[in-house]
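Asks: Sequence:
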Amino acid sequence: MRKKEILLTVAVLLAAGGLFLLQRTAALSGGDGIAAVYEGKERTAAYPLSEDIEVTLRPQGGGYNRLVIRDGEAWIEEADCPDRLCAGQGHISKTGQSLICLPHKLTVTIEGGERAELDAVVG
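Here my numbering is used: position 123 in the sequence shown is 123, and no number is missing along the way.
Not one of these hints is a red herring.
When the alpha-carbon atoms are kept at most 35 Å apart in a straight line, the in silico DSBU-like pairs for lysine-lysine are as follows:
#	residue 1	residue 2
1	K105	K94
2	K94	K41
3	K41	K105
Derived from the structure by calculation, the hints contain no laboratory data. Computed from a predicted model, the values in this text were never measured in an experiment.
Turn these sequences into a full structure, and let the hints steer you where they fit.
Replies: In structure tokens form, the structure reads like this:
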């Protein structure tokens with residue numbers, strides 16, 4: 001009986017390790033998500049998270065935002081708006097997350113791919 005228990009334990013650990021690696025690989029790839037760019041309510045562009053891209057977004061009102069997509073994450077690296085808060089919002093990669101530049105009326109939202117986890121539930 002001891003030998004069977006050891007084999008069962010090893011099999012369970014290998015299965016758990018395989019599932020963990022599969023989940024991490026899917027999370028790092030960014031799934032099938034895209035970074036959708038909106039000026040106001042109008043969608044002006046969409047870029048796949050699966051490709052490494054650097055693009056300068058030029059909103060109609062003038063100015064620019066430098067959008068970078070690398071390793072399944074998107075972020076605004078540089079902007080010429082007065083407060084530059086959009087450049088400090090960090091990296092996004094999960095569906096529903098957004099980067100917002102109010103002065104340029106620009107929003108980058110992740111659509112399609114892996115859903116973001118809940119931070120908290122208020123009841």
